[in-house]
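In order, the protein sequence lines correspond to chains A and B. Numbering that gives the first Met the number 0 puts the first sequence at residues 0 to 289. Numbering that gives the first Met the number 0 puts the second sequence at residues 0 to 233.
Hints in this document: simulated from the structure, not taken from any laboratory. Here a beta-carbon is modelled for each residue, glycine too, at the ideal position from N, C-alpha and C. Certain hints may be false.
Said to hold, decoys possible - Label-pair distances were calculated between CB atoms; the ranges are:
#1 LYS108/B - ILE220/A: 49 to 55 Å
#2 LEU277/A - GLU114/B: 45 to 51 Å
#3 LYS174/B - LEU145/A: 43 to 49 Å
#4 ILE79/A - GLU125/B: 30 to 36 Å
#5 ASP51/B - PHE78/A: 18 to 24 Å
#6 THR103/A - SER14/B: 51 to 57 Å
To be verified - Partial list, computed: chain B residues near chain A (C-beta under 10 Å):
#7 ILE49
#8 GLY55
#9 LEU58
#10 GLY61
#11 ARG85
#12 ALA100
Claimed, not checked - To be clear about the criterion: a stretch of chain A counts as covered by chain B if any three or more of its residues have a C-beta under 8 Å from a C-beta of chain B, and this derived list gives those stretches:
#13 43-49
#14 175-185
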Amino acid sequence: MLSQQIVNGIMIGSVYALTAMGATLIYGILRILDIANAGAYAVGAYAGWYMYSVTENILLAFVFAMLFTGIIGVLVQKFIYFPIISKPNVIAIVPLITSVGLFTLTGDMLRLIFGPNVKNMNMTFKINAVEIGNVRISAEWIFIVLLTATLFFVLWFILNKTKLGLAWRATAADTEIAKTMGVNVHISMALSYVLGYGFAAAAGTMVGVLYNSIYPTMGDIPSYKMLAIIVLGGLGNPLGTVVAGIVIGLSETLVSAYFGSIMPRDVIAFVVLIIVLLVKPSGLVTRKNT
Amino acid sequence: MLEIKEVDISYGEMSVIKKVSLEVKEGELVTVIGANGAGKTTLIKAIMGIKDITSGEILLDGVDISKLPPWKRPELGIGYVPEGRRVFPNLTVDENLRMGAYKVKDKVKARASIEKVYGMFPVLKERSTQLANTMSGGEQQMLAIGRALVLEPRILLIDEISMGLMPILVNTSFKIIKELNDAGITVLIVEQNANKVLKIAHRGYVLETGTIAIEDTAKHLMENDTVRKAYLGG
Numbered sequence: 000m001l002s003q004q005i006v007n008g009i010m011i012g013s014v015y016a017l018t019a020m021g022a023t024l025i026y027g028i029l030r031i032l033d034i035a036n037a038g039a040y041a042v043g044a045y046a047g048w049y050m051y052s053v054t055e056n057i058l059l060a061f062v063f064a065m066l067f068t069g070i071i072g073v074l075v076q077k078f079i080y081f082p083i084i085s086k087p088n089v090i091a092i093v094p095l096i097t098s099v100g101l102f103t104l105t106g107d108m109l110r111l112i113f114g115p116n117v118k119n120m121n122m123t124f125k126i127n128a129v130e131i132g133n134v135r136i137s138a139e140w141i142f143i144v145l146l147t148a149t150l151f152f153v154l155w156f157i158l159n160k161t162k163l164g165l166a167w168r169a170t171a172a173d174t175e176i177a178k179t180m181g182v183n184v185h186i187s188m189a190l191s192y193v194l195g196y197g198f199a200a201a202a203g204t205m206v207g208v209l210y211n212s213i214y215p216t217m218g219d220i221p222s223y224k225m226l227a228i229i230v231l232g233g234l235g236n237p238l239g240t241v242v243a244g245i246v247i248g249l250s251e252t253l254v255s256a257y258f259g260s261i262m263p264r265d266v267i268a269f270v271v272l273i274i275v276l277l278v279k280p281s282g283l284v285t286r287k288n289t
Numbered sequence: 000m001l002e003i004k005e006v007d008i009s010y011g012e013m014s015v016i017k018k019v020s021l022e023v024k025e026g027e028l029v030t031v032i033g034a035n036g037a038g039k040t041t042l043i044k045a046i047m048g049i050k051d052i053t054s055g056e057i058l059l060d061g062v063d064i065s066k067l068p069p070w071k072r073p074e075l076g077i078g079y080v081p082e083g084r085r086v087f088p089n090l091t092v093d094e095n096l097r098m099g100a101y102k103v104k105d106k107v108k109a110r111a112s113i114e115k116v117y118g119m120f121p122v123l124k125e126r127s128t129q130l131a132n133t134m135s136g137g138e139q140q141m142l143a144i145g146r147a148l149v150l151e152p153r154i155l156l157i158d159e160i161s162m163g164l165m166p167i168l169v170n171t172s173f174k175i176i177k178e179l180n181d182a183g184i185t186v187l188i189v190e191q192n193a194n195k196v197l198k199i200a201h202r203g204y205v206l207e208t209g210t211i212a213i214e215d216t217a218k219h220l221m222e223n224d225t226v227r228k229a230y231l232g233g
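Chain B on its own, in the form it takes in the complex (with noise of 0.2 Å):
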């Protein structure tokens, strides 16, 4: 479904990603590890296209979207969580889910959708005119989550999920991608926490300053001992 080859990427004349092929088939759920500064937020936000990238292709269902504007991508049916959640501070809950809905043009279909996600998530429901930072952390997660989901994408992307999250809202999150992922989604999920995300995932990647190091299966990953000692803690 989407499938990303030979991209690199640079800051000014740093070079961040390097020549970096992976593969997202529908139905999957994809992880790729690495360190921080490894260039994973960077690699989801050129899928995104708000970085651009300066070779390479981005292919979904075979089409190159590399060269689209990021506002013309979410209509392909890409959901977007963002590192940090990144949820409009000053938005209510409800207007938060309508920008995710944004490209829905059908008014009855985007609240339908947006219903969907209260469904999900009551505590958005219950707090759905409260502006979004006045919530905590968890609940701004389930938001951005949410936010994704009212676009009813084909494939989640999804970037450092437990970062700044409290140990079981971490295991709350991961339990919600795989419920997501088992009715269907596709995703592709970006993570530091390796450890939690490898017990959910199908496949995986480690990306190492820039560059695929290893790519496998996730079990044999969680086997591997490279990637033991490098990201699961020996």
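Pulled out of the complex, with its shape left as it was, chain A reads as follows (with noise of 0.2 Å):
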């Protein structure tokens, strides 16, 4: 019972911190709280269920939802977000207010095009579930266990060993800097939201499979659960996200596993934050190195 609670914590938690990842990409460089991440992830899932109605095939479904979703980023970050930010002395909530007013737009139109009812997934995968001892993990599950730690692996992998990604770090260290480097801190951007937005994409996707629903307001609770997750992991710091992601997993799961509904789920991982903001005011995980 424990174990497999364990394993489900950690297994949802990983599709959080899938989720979170654009917003913490995002204001590494930006410095900007994009809720708009969660309305990628919405659009990311009609994408992926478009693409599967048309191909039945589950991978061209992620790898559609991720490029559209990625593309539409990087189009968002250059003709909406920069022209705000590069205003002179515009504060920050200037953008945030932008990023929400977005989202709202993302799901009314999703509402407009698609209708607002629930649309199911109807995914089938051709591998078997899996039992380890008493640990059961369905066909679902593995798939996007598999598909998560590819993309973690991949965000890793661009982060520390390509000159891209040094420039990324750099740039999220210090911009100004960056630039006398010689770094063109469009791209630096323009890979924040490619990465972000293509992320949450994979992220609705994996939830519409997982729940075989998607609908408009699908991204209305990751919006304010990925803001939880982002401070938690300590603001634009990739490595705290994963670790924060887990966290709130597995409190949620045990929770509700061996506390039942004292409280309502979604509403776990603000206590988690609140309590550990009491305790440690900089997040989970402090030094800002992926």
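With the hints as a guide, dock the two chains, each given alone in a separate frame, to form the complex.
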């Protein structure tokens, strides 16, 4: 029972981390709290659903969702956020409100285009569930865990093993000085958005597969849970985001399993956030090194 | 080599640099001295492109670079040692140096430049895998200088190298700059510590509330009464 709950918690936590990673990468470079990252989550789910209904190919559905949403991310960054933050004396609340507006807009656009009703993913997996001892992992979860691990590995590799990633980390640490070293910060920004929105899209599609349903407002709960995770992870810290996502996933699963419904499941993330911030105001992982 | 012509810079409504012109010839070590808030850092930032100018020209080898984005400037051979060192705190020493060599396309060449810097500052080699923020102020200063040198710059812009360093390290830093200049690198250094910098510089400018008040050889500046009273402590 306990081992099953722990496995469940880690699995859902890694999907949370994937959802929040975009917001982390974006905050790291642009210092914008991008709520619309949760819009990318919903848009990605619809893109994945569309591609699957056309091709019935799961992998293609994910790739399409990530690419399509990632490209939208770059466009949003280039034509909406960048012009706003480039204005002199812009206070941080302006891009934040912009992102809330964008997020609301995405939800409504999805409703206008696809209708308000729940759509079913109906993805079928050819692999079987796995049982190790008394821990059972379903086929969907095996796929999701493998995909999440792959995406995190790709992210780790880009950030730590490539010149582009080095430039990203330098820009996150000191944008002004990175520029004087020759880093075109537009490229670092675009990288944040293409990876960030792409990851959110993958997470949205995964959750769509897990619950076999997608709907226009599916990004609402992730939008605020994502905030709890990135703050808990120490704002702008990719490694911290993974840790925080898993901590939240585990807390939710264990509290629901052992204490029943003493509080709504979605509140737990914030209870954990408040407790951690009271004890350690800088978040779980302080060293800003991935 | 570097020529600043009638440059104006402002923060919002407030004008901080007014019609400043100065020149650094190839091989020279030129300093801009002045009190805190005179606009020295702003001037250096404008040359690096991280502060916009409102009018005037910044010429490198006769070509105006003031419209170029900052990331196009290092490849012209401009190295930059910022005020307060500004090493990337959560990057390792080696990664910091690799950032300095960001614009060196040839990997082998970049590595050779980094090894050359390690040769100059052996302590950086010893600490190559350490995060920059775990090093002492003096070591970070060496890293900041080393990071500017891996680009093998023709001209080095140095902002307040003495700031926040122990006196013995200040002397070492100035000695290093003198050696770099002797090795053929043109240097423009802005500095509050007029005493020390005038001893190594060829020429100097005195910047007072955004305008050049005096311009002369370093030797004459040290003998100038006004300069002595205001910047050399009598």
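Going through the hints against the structure:
{"no.": "1", "hint": "LYS108/B - ILE220/A: 49 to 55 Å", "result": "holds, 52 Å"}
{"no.": "2", "hint": "LEU277/A - GLU114/B: 45 to 51 Å", "result": "holds, 49 Å"}
{"no.": "3", "hint": "LYS174/B - LEU145/A: 43 to 49 Å", "result": "violated, 58 Å"}
{"no.": "4", "hint": "ILE79/A - GLU125/B: 30 to 36 Å", "result": "violated, 47 Å"}
{"no.": "5", "hint": "ASP51/B - PHE78/A: 18 to 24 Å", "result": "holds, 22 Å"}
{"no.": "6", "hint": "THR103/A - SER14/B: 51 to 57 Å", "result": "violated, 42 Å"}
{"no.": "7", "hint": "ILE49", "result": "holds, 5 Å"}
{"no.": "8", "hint": "GLY55", "result": "violated, 20 Å"}
{"no.": "9", "hint": "LEU58", "result": "violated, 19 Å"}
{"no.": "10", "hint": "GLY61", "result": "violated, 22 Å"}
{"no.": "11", "hint": "ARG85", "result": "holds, 5 Å"}
{"no.": "12", "hint": "ALA100", "result": "holds, 9 Å"}
{"no.": "13", "hint": "43-49", "result": "violated (count 0)"}
{"no.": "14", "hint": "175-185", "result": "holds (count 10)"}
Comparing the model with each numbered hint stated earlier shows that hints 3, 4, 6, 8, 9, 10, 13 do not hold.
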